[in-house]
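Sequences listed follow chains A, B, C, D, E and F, in order.
Numbering-wise, the working numbering comes out as the position in the first sequence, counting from 1, plus 168.
Numbering-wise, the working numbering comes out as the position in the second sequence, counting from 1, plus 168.
Numbering-wise, the working numbering comes out as the position in the third sequence, counting from 1, plus 168.
Numbering-wise, the working numbering comes out as the position in the fourth sequence, counting from 1, plus 168.
Numbering-wise, the working numbering comes out as the position in the fifth sequence, counting from 1, plus 168.
Numbering-wise, the working numbering comes out as the position in the sixth sequence, counting from 1, plus 168.
Derived from the structure by calculation, the hints contain no laboratory data.
Watch out, some of these pointers could steer you wrong.
You can't tell identical chains apart in this list, so a pair holds if it fits in one copy or across any two.
Claimed, not checked - Derived EDC-like pairs: lysine to aspartate or glutamate, alpha-carbon spacing no greater than 16 Å straight-line: (1) 241 x 274; (2) 208 x 281; (3) 186 x 277; (4) 239 x 185.
6 protein chains.
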Amino acid sequence: MNEQVENFNIYRSRMNEKIMGADNIVLKRLFNLDTNAYSKGSLDTTTKEMLGLACSMVLRCDDCVKYHLQKCKELGVNKEQIFEVFAIANIIGGTIVIPHLRRAVEFWEALDE
Amino acid sequence: MNEQVENFNIYRSRMNEKIMGADNIVLKRLFNLDTNAYSKGSLDTTTKEMLGLACSMVLRCDDCVKYHLQKCKELGVNKEQIFEVFAIANIIGGTIVIPHLRRAVEFWEALDE
Amino acid sequence: MNEQVENFNIYRSRMNEKIMGADNIVLKRLFNLDTNAYSKGSLDTTTKEMLGLACSMVLRCDDCVKYHLQKCKELGVNKEQIFEVFAIANIIGGTIVIPHLRRAVEFWEALDE
Amino acid sequence: MNEQVENFNIYRSRMNEKIMGADNIVLKRLFNLDTNAYSKGSLDTTTKEMLGLACSMVLRCDDCVKYHLQKCKELGVNKEQIFEVFAIANIIGGTIVIPHLRRAVEFWEALDE
Amino acid sequence: MNEQVENFNIYRSRMNEKIMGADNIVLKRLFNLDTNAYSKGSLDTTTKEMLGLACSMVLRCDDCVKYHLQKCKELGVNKEQIFEVFAIANIIGGTIVIPHLRRAVEFWEALDE
Amino acid sequence: MNEQVENFNIYRSRMNEKIMGADNIVLKRLFNLDTNAYSKGSLDTTTKEMLGLACSMVLRCDDCVKYHLQKCKELGVNKEQIFEVFAIANIIGGTIVIPHLRRAVEFWEALDE
Chain A
169 MNEQVENFNI YRSRMNEKIM GADNIVLKRL FNLDTNAYSK GSLDTTTKEM LGLACSMVLR
229 CDDCVKYHLQ KCKELGVNKE QIFEVFAIAN IIGGTIVIPH LRRAVEFWEA LDE
Chain B
169 MNEQVENFNI YRSRMNEKIM GADNIVLKRL FNLDTNAYSK GSLDTTTKEM LGLACSMVLR
229 CDDCVKYHLQ KCKELGVNKE QIFEVFAIAN IIGGTIVIPH LRRAVEFWEA LDE
Chain C
169 MNEQVENFNI YRSRMNEKIM GADNIVLKRL FNLDTNAYSK GSLDTTTKEM LGLACSMVLR
229 CDDCVKYHLQ KCKELGVNKE QIFEVFAIAN IIGGTIVIPH LRRAVEFWEA LDE
Chain D
169 MNEQVENFNI YRSRMNEKIM GADNIVLKRL FNLDTNAYSK GSLDTTTKEM LGLACSMVLR
229 CDDCVKYHLQ KCKELGVNKE QIFEVFAIAN IIGGTIVIPH LRRAVEFWEA LDE
Chain E
169 MNEQVENFNI YRSRMNEKIM GADNIVLKRL FNLDTNAYSK GSLDTTTKEM LGLACSMVLR
229 CDDCVKYHLQ KCKELGVNKE QIFEVFAIAN IIGGTIVIPH LRRAVEFWEA LDE
Chain F
169 MNEQVENFNI YRSRMNEKIM GADNIVLKRL FNLDTNAYSK GSLDTTTKEM LGLACSMVLR
229 CDDCVKYHLQ KCKELGVNKE QIFEVFAIAN IIGGTIVIPH LRRAVEFWEA LDE
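Using the sequences plus the hints, can you model the full thing?
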């Protein structure tokens with residue numbers, strides 16, 4: 169696995185464990201709910217992950233973008249489709265999103281290694 | 169057509185015309201590009217409109233939410249699916265999105281009349 | 169009760185019922201979690217409501233501000249304290265928050281009627 | 169004076185007085201500082217008001233946009249220039265800014281009456 | 169002192185000095201006002217620092233979160249209380265806040281070293 | 169050229185090429201439009217770059233701030249003027265902007281080397 173991807177996942181897991189360990193009931197349930205929101209329902213998981221990706225991009229959260237890019241890759245979303253999600257996010261969110269687009273493209277390529 | 173929906177569309181069209189009439193080339197092209205972004209590509213138009221809806225909701229833009237709700241309705245997205253989009257947007261964006269969810273639900277119902 | 173306050177509460181309740189009625193499990197749990205987050209823990213409810221108020225103000229959500237103002241009033245927060253919360257929110261969020269401050273002050277007075 | 173413009177100014181003045189009347193030292197100084205920031209320095213007041221307008225637009229604050237539009241009009245900024253400010257704000261902030269652009273154009277016209 | 173905490177404080181002080189050195193009267197007064205806003209008034213400093221922390225978190229400013237965490241630690245806020253502030257900020261701001269929560273938890277632990 | 173400035177420009181160019189290479193028509197046109205928006209019109213390029221700088225700062229995008237600082241420097245904007253733009257952005261956007269101000273000041277100095 170690419171180093172950037174690996175470091176991202178390791179840090180994410182390590183800190184999530186600490187957060188769960190703090191035993192705050194509201195945060196625990198929010199994490200749980202987060203998982204539920206993306207599980208298959210009337211919409212399939214691929215659509216839901218693309219929704220998560222687009223929202224993360226317009227809200228300009230690099231880590232959230234990376235997380236959903238990884239999920240999309242696992243679910244078989246291809247490059248052309250990912251760039252159409254990027255295009256919508258950049259039109260809606262404006263050029264302020266472009267620096268996040270750059271980092272997203274870098275991470276997307278890292279996922280291929 | 170429901171009065172709220174009609175007024176929304178009339179105001180939107182009227183002001184868009186004024187904006188186009190001002191003849192600013194950058195704004196004209198941005199409006200054009202906005203239309204292009206949602207046309208069928210590797211992703212179908214329904215997926216794209218749902219992406220637009222979710223992004224509009226996390227960015228808390230009532231008018232943008234209304235616009236994409238109308239498009240989703242025209243494309244046959246059903247209530248259960250719309251609420252799954254709402255759920256993802258509210259989990260990502262937090263409870264600060266709830267007042268916009270209320271107005272979205274009201275508009276969604278108005279679209280049925 | 170003041171008319172502005174009453175209309176706010178009626179609309180809020182009516183739309184919340186519709187949202188609950190749609191039976192989306194993620195949204196239902198999020199609403200539930202929202203209630204839990206403000207219940208007494210290591211921090212008392214008054215502190216928590218002031219946190220909710222300040223966050224709502226910097227995120228510039230008028231309806232959220234109104235909701236927490238009402239809660240603060242019920243819990244006995246006085247005008248001087250409320251204005252200190254306002255001051256922090258306006259320093260952190262900048263002058264872009266001022267229009268929301270104006271509407272908050274109007275609603276705070278309406279709660280007295 | 170146009171009714172929309174007049175109501176805007178009356179409400180703004182009335183609420184500002186109430187805020188000043190609450191005698192919170194931090195808010196009072198912030199209001200003061202706000203005035204200072206736009207006074208002539210190395211940059212002229214027209215440039216500063218256009219900066220205020222563009223920032224208000226990307227932050228999507230209708231009232232702030234209206235305030236700076238009024239100032240720009242008083243300082244002699246013309247329609248073509250205003251639309252170039254709008255164009256930059258909409259490119260940077262994306263299509264999410266468009267509903268605010270519509271209301272800005274409406275208010276700009278109201279200022280002419 | 170932990171290295172992360174020390175580097176954070178050194179950079180912060182060094183750049184603040186440069187900003188003050190530029191002698192812009194508006195920025196100088198804003199920095200001053202920032203200090204005033206958190207001094208004891210009708211609300212105690214601990215409550216005010218928690219307000220600052222929650223607002224910084226929903227606005228997703230890592231450096232601001234770190235600054236207020238340090239202040240809260242100095243004032244004796246304990247881990248359980250801090251996590252209740254985190255919980256409210258994450259419920260209001262949504263899962264988009266979680267990456268900032270991870271970094272906040274890391275910094276909170278660093279403050280203990 | 170200073171190392172920070174050089175790395176910034178190299179990464180920016182490299183990722184822009186990749187984005188162009190993906191051949192998404194919407195993103196390509198958006199990049200194009202971005203360039204057009206800042207070209208001379210009724211407003212001169214210096215004013216437009218200062219508008220871009222102020223908007224980038226209130227939206228808290230470090231990379232966007234750096235880009236426009238570089239452009240402003242090339243166009244001859246001096247330190248006092250830059251700090252007046254900073255002052256307006258920090259008053260409008262609040263103290264949440266200060267960490268971005270620190271990084272902006274650091275980059276502005278790097279441009280002098």
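Which hint numbers does the structure go against, in order from smallest to largest? 2, 4
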